[in-house]
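Peer 1: Below, each chain spelled out in residue letters.
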Amino acid sequence: MQNTAISVSDLSKKYDDRLAVSHINFEVPMGIVCGFVGPNGSGKTTTMRMLLGLITPTTGQGHTLGEPIEHPEKYLSRVGAMIEGPAFYPALSGYENLMVLAKLGGFPIERVQELLDKVGLGDRGKSKFKTYSLGMKQRLGIAAALLPDPKLLMLDEPTNGLDPEGIQEVRALLRDLANDGTTVFVSSHLLSELEIISDYIVMLRKGEIVFAGPIGELMAQQQPTIIAKSLNHSDLQQIVEISEKAGHHAVIRNDSVHILAEMDWAPVLNKAAFDAGITLAQLAPQLPNLEETFFEMTGDK
Amino acid sequence: MFNVVKAELRKLRRPTLFFGTIGSALFFTGLITSFIYLMIDSPQGNGDRGRTIGREALGLASGSVNGFSSVGNFLGIIALCVFAAQTAQEYTYGTLRNLLVRQPGRLKILFGKLISMMLFALVMITIAAIVSIAISYFLAPGAKVNTELWFTSDGYHAIFTTFVNVTISVVAFGIIGMILGLLLRSPISAISLGVLWLLIVENLLIAVKSSLQNWLPGAQLTAIASGGAPSRGTTGIEYSHALLVGGIYVGVGAIIASVLFLRRDVAN
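Residue numbers (our numbering), protein chains in the order written: chain A, 1 to 301; chain B, 302 to 569.
Hints are computed from structural coordinates only; laboratory data are not their basis.
One or more of the hints may lead you astray.
Derived pair list, reagent style DSS-like, types lysine-lysine, alpha-carbon separation capped at 25 angstroms [to be verified]:
# : chain 1 : residue 1 : chain 2 : residue 2
1 : B       : 307       : A       : 130
2 : B       : 307       : A       : 126
3 : A       : 128       : B       : 307
4 : B       : 307       : B       : 409
5 : A       : 137       : B       : 307
Residues on chain A that point at chain B, a partial pick, calculated with CB under 10 angstroms [what the hints assert, rightly or not]:
# : residue
6 : 13
7 : 56
8 : 97
9 : 106
No residue lacks a Cβ here, since even glycine has one placed at the ideal position from N, Cα and C.
Please construct the entire structure, taking both the sequences and the accompanying hints into account.
Peer 2: Structure follows, in structure tokens:
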């Protein structure tokens, strides 16, 4: 348990007759970046709320930093969180909003300006929150989550509204935090965004766990694909036939053939195509990305 | 809990809220206190609903706080609005989840909020008392009111007693606002319902059946502020009765709201 930042067992949450989270089980090791992915409405925020003691589970158990989620007072002083977007008092400045939370948590007030600088709001700290852009609000939310110098950081869709530069900064920040020993549990419906920074992935779909484990393990489960293109579109069907004859499943997508095979079969295909009088314009491996993997595992398109 | 109070005071001291609230309190205090002296000879009366407060009553030791106790009801309505807004906005802004992540003790949040808003109300009441007594003192000679007894030991006792009564009443109004804020989770709904009930519905009910004045919450709190003297459409409610019935309303409401706050999911 000590090496586990989060563990949930048979955790469910039911709202009236709708099961938002259905008997999920997963563990998140300490000191890593864990991507919590799934489409909108898959139950990510509900799970995070349960882990923070904001809502009571209908069934099951959960532990955060080794403490049961029924007793959030035992672990929340070591947890930073931004759930469902940044929420602050519009009439207060960014600085004052952080001061409210710093006073509430009994954190050193010097951290407020430090964190505003860290998230790039150092010069806008005195402006009222209501004047902030969505990206600035998001940055303030991240600063608020970092106030306790957390052992575990839970961020719900932290890059919403950020420009590409901001997204890169957040990625770098999360990576740095993980390198310093902070466990980062970050959700997003944009799977490609988390693929880059995550060591570990928890995939959720319609309230159920699809996969939970190291991202390498997930990708290793997926068969590599060879993409073959020929100069003549009419040759594609023949490439499919050559592949199928060799025992590799192949389909035509747009102007190329996608063949489920290891890359070391590519030279064999190249020779077979040449012998058949086909000139290949491209022959390249394609490892599935997280998004494709997710769709493949869930059967969604 | 001390941390919660400090955090809440940070929100309450923002200029728009602080000066807006104190400004409203001063406006009503000045208006009502001035009317008592400037309209002392008016046939329409110089008190609430045509009531006449004569020179004899104003010349008593308790004369200096006549205006202050009359304004108690308005201070109560202001407190109700502030307490309701400060509580319900945590839901509408979604900031309650931030508070609960930083301080998971929900009762600590609730009591810390209450204490900070009570301190805020105390500042408002103190300023209103000083301004009302000062206006009374300066307008009394023009209205030919004798102020000799105002600053005797009996006078100071009357000031102290009225201050305590108005404070109890205003805080109770505020707690009702907080209860409405917790139950309705919307500042507009909480304030509308509270003000509508206290200023309109109760008065209509009392106008239709005067004995109801002994059982309606707003009437009890107004009676506490005035020390049981007739005010705001009531013909006078015994102080101890008002304290008991008002206390039951506030106590039961506070328990229900606290239990709901403790048990309810924070899902917004």
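Peer 1: Hints first: check each against the structure and report whether it holds.
Peer 2: Outcome of the hint check:
no., hint, result
1, B:307 x A:130, "23 angstroms, holds"
2, B:307 x A:126, "20 angstroms, holds"
3, A:128 x B:307, "20 angstroms, holds"
4, B:307 x B:409, "12 angstroms, holds"
5, A:137 x B:307, "24 angstroms, holds"
6, 13, "9 angstroms, holds"
7, 56, "6 angstroms, holds"
8, 97, "9 angstroms, holds"
9, 106, "5 angstroms, holds"
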